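Quick mapping for you: the protein sequence lines, in order, are chains A and B.
Here my numbering is used: position 1 in the first sequence is 1, and no number is missing along the way.
Here my numbering is used: position 136 in the second sequence is 136, and no number is missing along the way.
Possibly wrong hints are sitting among the right ones.
Once the Cα atoms are required to be at most 30 Å apart in a straight line, the calculated DSSO-like pairs of lysine-lysine come out as [what the hints assert, rightly or not]:
{"no.": "1", "chain 1": "A", "residue 1": "140", "chain 2": "B", "residue 2": "118"}
{"no.": "2", "chain 1": "B", "residue 1": "105", "chain 2": "A", "residue 2": "69"}
{"no.": "3", "chain 1": "B", "residue 1": "118", "chain 2": "B", "residue 2": "128"}
Hints in this document: simulated from the structure, not taken from any laboratory.
Given the structure is predicted, the values throughout are model-derived calculations rather than measurements.
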Amino acid sequence: MNLLSGLEINASGLTAQRIRMNVISSNLANINSTRSSRGGPYRRKDVIFAALPLADSFTAGGRVSPFEKMLNEVRVVSVVEDSSDPRLVYDPHHPDADSSGYVSYPNINLIEEMTNMISSTRSYEANITAINALKSMALKALEIGR
Amino acid sequence: MQFNGLFDNNIFLLERMLDLKSLRHDLIASNIANVDTPHYFSKDLDFDRKLLSSLEEKEEIEIRRTHYRHLSIDSAPPGHINPKIISQISEDGLNSVDIDREMTKLAENQLMYNSLIKMISWKFNEMKAAISEGRR
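The following block holds chain A by itself, in its conformation from the complex:
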């Protein structure tokens, strides 16, 4: 049993939430981008989280208790594009307007992105709290026999 495997689990949570935050930043920054490298407007991106068994390089070949098999870290397995339709705005003078005068803007909803950002921040803070809890527990354990 690894005393500090909790740290790895929460560190994976921090990484995942940070990646999610970066993707949200990308969405917010490109909310008005009508061109992208793939052609057409920028498309909203989203992360896919997956709960994976804790990969521990030290205990991988050795004895793993049934409890440890139940521990899951979180990983971002892929970043996917939202395939919903672009937002059409009538602006015939825009260089990217189509033949009927509509410009395709990215399918990003500002409110949705802000809400996701707050949710991501909270999850990040929860992971930090858990890490601090484990740190103080580990320090307390050093006081045995003092």
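Once you've looked at the hints, dock chain B against the given chain A.
Below, chain B without anything else, positioned relative to chain A:
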């Protein structure tokens, strides 16, 4: 009282509980890390109930206890406490992590862990007092 080396059995009980609290922390950490993962089910230990039942199995103890939940002096062998991991499965198959509950469990678990450390420290201090014949 059955002595095992320097200490009575309770210190092994405390030690095992400490291990389990540490494991429970890992489970809670896993739940918190996966708070936004779809289809993840919240996990926890049910060892408090398990511990009580393992202590209650030894009802035939000769020392009279005035309350059924008092620990017997010669408590159950500590390796006996093997709790199960329970998954809280939501009916709709969605993520079943309740972040408020997890944070409360985290704080509670930390307090319990620290109390167990205190209890173990007391055991060592008692032994120190005996070694130094009560002088400091």
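**OP:** Quick one: which hint numbers does this structure break? Sort them smallest to largest.
**Re:** Violated hints: none at all, because every hint is consistent with the structure.
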